[in-house]
Structures are given as structure tokens and as C-alpha cells.
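Protein chains: 2
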Amino acid sequence: MKFSCYRDNILKAINSVVKGVASKTTMPILEGILIQTNDNDIKLTTYDLEIGIEYIMECDVKEQGSTVVNAIMFSEIIRKLPDTEISISINDKNLLEIECEGSLYKLATMNPEEFPELPKIEVENSIEIEQNNLKNMIRRTIFAVSSEESRPIFTGCLFEIKENRLNLVAVDGFRLALRSTVLDNQTNDFSAVIPGKTLNEVNKILSDSFEPVKIGVSKNQALFELDNCKIVTRILDGEFLNYKSVIPSNWETRVRVNKNNIQNCFERISLISSSSIEKEKKYPVKVSVEIGKIVISCTNQTGEAKEEIFVSTEGKNLEAGFNPKYFLDSLKAIDDEEVFIEFGTKISPCIVKSVENNDYTYMILPIRLKD
Amino acid sequence: MKFSCYRDNILKAINSVVKGVASKTTMPILEGILIQTNDNDIKLTTYDLEIGIEYIMECDVKEQGSTVVNAIMFSEIIRKLPDTEISISINDKNLLEIECEGSLYKLATMNPEEFPELPKIEVENSIEIEQNNLKNMIRRTIFAVSSEESRPIFTGCLFEIKENRLNLVAVDGFRLALRSTVLDNQTNDFSAVIPGKTLNEVNKILSDSFEPVKIGVSKNQALFELDNCKIVTRILDGEFLNYKSVIPSNWETRVRVNKNNIQNCFERISLISSSSIEKEKKYPVKVSVEIGKIVISCTNQTGEAKEEIFVSTEGKNLEAGFNPKYFLDSLKAIDDEEVFIEFGTKISPCIVKSVENNDYTYMILPIRLKD
Numbered sequence: 287m288k289f290s291c292y293r294d295n296i297l298k299a300i301n302s303v304v305k306g307v308a309s310k311t312t313m314p315i316l317e318g319i320l321i322q323t324n325d326n327d328i329k330l331t332t333y334d335l336e337i338g339i340e341y342i343m344e345c346d347v348k349e350q351g352s353t354v355v356n357a358i359m360f361s362e363i364i365r366k367l368p369d370t371e372i373s374i375s376i377n378d379k380n381l382l383e384i385e386c387e388g389s390l391y392k393l394a395t396m397n398p399e400e401f402p403e404l405p406k407i408e409v410e411n412s413i414e415i416e417q418n419n420l421k422n423m424i425r426r427t428i429f430a431v432s433s434e435e436s437r438p439i440f441t442g443c444l445f446e447i448k449e450n451r452l453n454l455v456a457v458d459g460f461r462l463a464l465r466s467t468v469l470d471n472q473t474n475d476f477s478a479v480i481p482g483k484t485l486n487e488v489n490k491i492l493s494d495s496f497e498p499v500k501i502g503v504s505k506n507q508a509l510f511e512l513d514n515c516k517i518v519t520r521i522l523d524g525e526f527l528n529y530k531s532v533i534p535s536n537w538e539t540r541v542r543v544n545k546n547n548i549q550n551c552f553e554r555i556s557l558i559s560s561s562s563i564e565k566e567k568k569y570p571v572k573v574s575v576e577i578g579k580i581v582i583s584c585t586n587q588t589g590e591a592k593e594e595i596f597v598s599t600e601g602k603n604l605e606a607g608f609n610p611k612y613f614l615d616s617l618k619a620i621d622d623e624e625v626f627i628e629f630g631t632k633i634s635p636c637i638v639k640s641v642e643n644n645d646y647t648y649m650i651l652p653i654r655l656k657d
Numbered sequence: 287m288k289f290s291c292y293r294d295n296i297l298k299a300i301n302s303v304v305k306g307v308a309s310k311t312t313m314p315i316l317e318g319i320l321i322q323t324n325d326n327d328i329k330l331t332t333y334d335l336e337i338g339i340e341y342i343m344e345c346d347v348k349e350q351g352s353t354v355v356n357a358i359m360f361s362e363i364i365r366k367l368p369d370t371e372i373s374i375s376i377n378d379k380n381l382l383e384i385e386c387e388g389s390l391y392k393l394a395t396m397n398p399e400e401f402p403e404l405p406k407i408e409v410e411n412s413i414e415i416e417q418n419n420l421k422n423m424i425r426r427t428i429f430a431v432s433s434e435e436s437r438p439i440f441t442g443c444l445f446e447i448k449e450n451r452l453n454l455v456a457v458d459g460f461r462l463a464l465r466s467t468v469l470d471n472q473t474n475d476f477s478a479v480i481p482g483k484t485l486n487e488v489n490k491i492l493s494d495s496f497e498p499v500k501i502g503v504s505k506n507q508a509l510f511e512l513d514n515c516k517i518v519t520r521i522l523d524g525e526f527l528n529y530k531s532v533i534p535s536n537w538e539t540r541v542r543v544n545k546n547n548i549q550n551c552f553e554r555i556s557l558i559s560s561s562s563i564e565k566e567k568k569y570p571v572k573v574s575v576e577i578g579k580i581v582i583s584c585t586n587q588t589g590e591a592k593e594e595i596f597v598s599t600e601g602k603n604l605e606a607g608f609n610p611k612y613f614l615d616s617l618k619a620i621d622d623e624e625v626f627i628e629f630g631t632k633i634s635p636c637i638v639k640s641v642e643n644n645d646y647t648y649m650i651l652p653i654r655l656k657d
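Here the protein sequences line up with chains A and B, keeping their order. Numbers 287 to 657, taken from my numbering, label the letters of the first sequence in order. Numbers 287 to 657, taken from my numbering, label the letters of the second sequence in order.
A few of these clues could be false.
Pairs count within a copy or across copies, as identical chains cannot be separated in the list.
Distance condition first, Cα-Cα at most 27 angstroms in a straight line; then the derived DSSO-like pairs of lysine-lysine [said to hold, decoys possible]: (1) K618 with K592; (2) K421 with K298; (3) K288 with K305; (4) K448 with K545; (5) K592 with K448; (6) K305 with K545; (7) K448 with K305.
Hints in this document: simulated from the structure, not taken from any laboratory.
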């Protein structure tokens, strides 16, 4: 195997695939990058048995071949080389030689035959969406994915394609995050639950560009296809929550509030509420709505806090307890200047939603206040 | 106690004094900030029994008084308030009230009588220097301060005032860092060894400005006086190394090299040398000087690395072993485009110094190479 390429090009390829490298594993081969030449291309592959990533780049291939090299070591060396032409080859001692100006590095390699094959995917349904749009949707729902392995289906994020919209839904038993967008092309309805962990990696590979990403699903796997790069990840088995049935459609109390103002209030007040030695859940903050204002307050052994904002209110007065962290996570995921916050009774879920459209719904469950 | 001030002003004061707050302590009072009014000033004080910091700021004092409040909680709340006027007072339940627009916070306080007094300092000798100059000198020597408590004097940095120069010296048994600057005003010769740990904090408080800082020393303490702010720190007892006697004045081999080039070589090669499972000391890199070039190389179970740079050389050929980390630390502390590297024999220390002046000398001890 022998090829040459520019440092920036191969670094881009490496940066894409390293997200698929296993971090804690007893199989050293999974800590490697599989490098394969194919005529005038090279293909880099990583696979941690959950997420697999392939990246194909053109380069000047002088001898065909393949090898596996430790991903961290390979990427660190390439990263620190000057941006100029690099020659990469296998020598007769089976070491990977990296040559660039006055630098010569030789790295131990592993047998490419031992590298596990990525699952083959027969795509049954697919959609196309702009990368920056998908990236934003993931970022703004993934925080609500459950980390509790006791209900595995909720450690994933629902991708629901329905009536030409893509809905992303994450739920962890205390709150729910829903982001929705209109798709450009007509598609079948389908859905899949993708593990939050692998979605995090997918998100790092997605760019902030308007370039498309194609999402395809088979029975057990999902495939994200970008320019040059393919990401394969498994799908979670099981029935996701019928999320529409749990989101209340009516409200008793509604507040229209400047998003940054109320976010700042929750940020300050959580300094006090989360300073408690006991679990923060047990010391919720109290949210009170009266005509024309919303008051957020809390008291514990650290001290007392009270935040008052003048807002436009509709409906009944209300007093309910909440974990400010859940409000903060949702508010941080919103760009709008103003939002609606809708309450039912003091034991029903609270909804944060757009004043203008249906692009997002965040639901937060209340906590019972002590008397 | 009652006063009002602008959030940005008091935040600046808090940011200066929090560096003196004890982090791990069984005495909660040392986690606090002492706030004292004095006519139309307030003074903030922190003291962890090693380093003490005082900051005086003008503000609108309505009622005289003093209190101690948890530093982290107080600073976090102030940090998150909007930049406008804040009113701070003690209420009748002895809670510190912080009021700003719609926000009201009440924090538990501690008895100011219990706050330990800062040591009184009778300054015997002092110098004045620009803050950015001192900051740079500290930053560029402190990395060589020893972390081994077995020789306490080397856990500090020598401040030597001699023949109207300030010399800062740090040494840890493997390398030595010396920075030197000319002082503007005539002063007596004197010296003091200041703990590296407290010097780190002093450095965070120094600004990048040309504003002066006055350094005064008494028998056991040093005092750094800045505009509004005073820092007191203890001095280490004992005899520092007679550093001049250990820095070689002659060389057998001298290289003149582009600083960034050789730094990049050491950075890359330390990827290989430090990847070894065994201690990096045992796998030094080999530095070879031949006519017109310097070659740095290393071999271990991860692989092999060789870096070659064409340079101007003088004197004999040489081959010696070094820990690349020590070279890197020194090279990173240098801004010049070119440096001299001077070698004696393969067992004598290596010197990195300026091509143009005497502002710095970095000395690195070699490691015996295995055959």
C-alpha cells in the first residue's frame, strides 16, 4: 500500500471517522482505522460495533493495499504535521510509514482481515434533509434522552416521518423534547429510534452547511449518507411512547415571556436551588403566576431567592413546583425572542412552545411542593 | 451594612479576591469573602492562610458594617445578574440581601470577627515593575518549579534583585528556567523565594497592562501591590540553589535554529516517546547534531520517529538523550524566531538561550541513552 495526499484532506477524513473508534475496548483492532485503497481512492473505516463510519477520499494511490493503524496515534501525528504533501505506505516490516518533509514516522499496524465488517443495510425508507437543519434538531432534543438503561427504548431519540414532516422526540420520564420540520420531498411515513449515544457522534460529523444528508433505515440499522461519508448505526427495538397522547392540548394558565429574561432568572435561581446538600429534586423552585407577573422563588439552607418578571398572562393564577434544570435545558434549546409557557393544574405538565409555529414543544413535569 | 454599586465593578473586585479563597478546608470561614465598609469604600478580603488578597473599591455606602459570605455563591450570583446597579445589605435575620431589578437573593452569612487577620508586613525592600512584564516572566519560569515536597525550597520561584535586574529562577532537578529583566529604578539587592502555588494566583490577578505592580518583602512575607488590590503571600525559608554556578558558560556544540520548527519536531516526536507504556524518562529521544543538521529520533513499541532539520551548526558532532517534554516546556516559553541551543558532552546540561540578549536561559539535563 502506498499513496500520497495533502495533510488537510486526510485530516478531514480522519476527523470524521475517529468518532466511530471504540474508546474502552478489550479488542485493540476496534481502536484502529482501517485504511483501504481502491484504484484512486482510499477508504477509511472505523467501527465500535454500535456505530460504523466510512469516509472515501480521492488521492494519488501508487500501490494498492490495506492496513489497520491505531486511530489516536495516526490522527495525532497527521494533525501535527505541516499542511503539505504526505506520503503514506507500508514498509517491508509491516510498519505504516508517514513521511512529510524532514519527518518520518513508522507505526505498528494490525491485520486488516481481522477488522469487523460493517453491517450491510438494505434501505427500505429514506428521507433527505439539510445537514444544518438536522444538526439543530438533534442538538435541541438530545438533552432529554434518558440515560437510564432500565427502559432502553428511551435511551434513543425517535425519528418519526409523518405527513411529510420529520419529528424528533426524546423523553426521560421528567420531560419531553419535540422538534419538527417540514420535508421538501414527498416520502412514506416511517419511524425509527436511534440510540442517543450514536446520535451524538452523528451530530459531530454533520456540518453547519445546507448540504444534504440522506437518512435511510432498514429493519435493524439506520444509515446517514453525507458527501464522502457514510455512518451506520443500530436502531433500538421496542415501542416508543405515543408522545402525542401525553402532550396536553389545553391550558388553564398561559404566559407570554421574553425567552432570555426567564432563562436568566432560572439560571440564577438554580445557583441556590442546586446548592442544596440534598438532591435538587427535593428542593424544587416555586413558579407562581399572577395577573401580569411570574414569580420564581426557592428557599433552602443556603439562602433564599426570588425572581419577578412582568409578563402578559392569560387564565387562572397558578402555583407549581419545578426542577429549574429542566426549564433551563428547554429554554437553551430555543432561539425565539418570546415563548408561550402553558400550565394546567399544579400537578399537570407544563408546555414551552413557540408563539408563532409548531416547530417545537418542550414538556416539563411538575414536582409536588412541600407545604 | 448597606451599599450599592454597579455589577461590573463589584464583579471585578470579586474576581480578584476569589483566587485567595481556600478550596479544600475544614474551616468554612476560609471559603468566604470578608466584606467591610469604610466611609465610601468597601474592602473585600480573602485569605487561605497562605495567600491573602484585599481589594478596595469606592461605592455608595449607606450603612457601615461588615460580614462574611460564601465566596462561590456570592460570586456566581453577582456574575449572573444584569450589568446594572445592585443593592447589597444585611437584613435583620443576618442574611446578606442582594437586590437587582426583579431579583432578590438572601444568603447565609458568617461572623466577620472569626475571619483570620492578614499578616502585617513591614516592607524592608521593594521594586516596581510593569504588570505585563512580571506576568510574562512568571508564566515563562513557573513551569519549572518543582512539585516535590521533599525539597520545599524548590517548590518556589526565586525572585532575585541584583545589579538593577530582576531575575526569576525555577528549578526542579531536571531543568532550570531563568528569566531576567532590567529594572527602571535603582534598588537594593535582595531576594526571596515565593511559593509556586501562590505565584500562580498572583499571576491570574496581574493584568496585561503597563500599570505598575510594587513587590515588597519583609522577613517572612511578600506583598504585591496593584491598583486597588494587595496580595500577601508567605516566603519560603531556606537556601535556594546558587543557580549561576550550575549553568555552564562554555559549549562544545552550538546550533542556531528556528524556534517554531524545532518545537513542532519535539511536539510530534513526543507523541511516540510518551506513548510508551513504561515511564517516558526511560525512553528519551535521541538528539544528534551533525554538520548542518539536527536529527531527533526515538523508537519504542508504538513505532519509530525521526525528525531532521537543516540548521547552522558550530563545534563538534554530538549525540545525547533528552526528555522532549522539558525541551517543549522551554521552547513554548520563548517568543523569539530563532534560538541558540548549546551542548557540552552527552552528559552535560543543554542550554536554550536567546540569540540576541540575556533575557532568558533554559537549562535541560540529559538522560543517558541505552546502547
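Hints and how they fare:
Only within a single protomer do K618 and K592 lie at most 27 angstroms apart by alpha-carbon distance; the minimum there is 21 angstroms, versus 49 angstroms between protomers. In the homo-oligomer, the alpha carbons of K421 and K298 lie at most 27 angstroms apart inside one protomer (18 angstroms), although the nearest pairing across protomers, at 38 angstroms, exceeds that limit. When the C-alpha separation of K288 and K305 is checked against a cutoff of 27 angstroms, the pair qualifies only within one copy, where the shortest distance is 25 angstroms, while the shortest distance between copies is 55 angstroms. Taking the closest pair of Cα atoms, K448 and K545 never come within 27 angstroms of each other, the shortest separation being 29 angstroms inside a single copy and 60 angstroms across copies.
Proximity of K592 to K448 under the C-alpha cut-off of 27 angstroms is found in neither arrangement, the shortest distances being 43 angstroms within a copy and 58 angstroms between copies. Taking the closest pair of Cα atoms, K305 and K545 never come within 27 angstroms of each other, the shortest separation being 34 angstroms inside a single copy and 34 angstroms across copies. In the homo-oligomer, the alpha carbons of K448 and K305 never lie at most 27 angstroms apart, since the shortest distance is 30 angstroms inside one protomer and 55 angstroms across protomers.
Checked against the numbered hints above, the structure violates hints 4, 5, 6 and 7; every other hint is satisfied.
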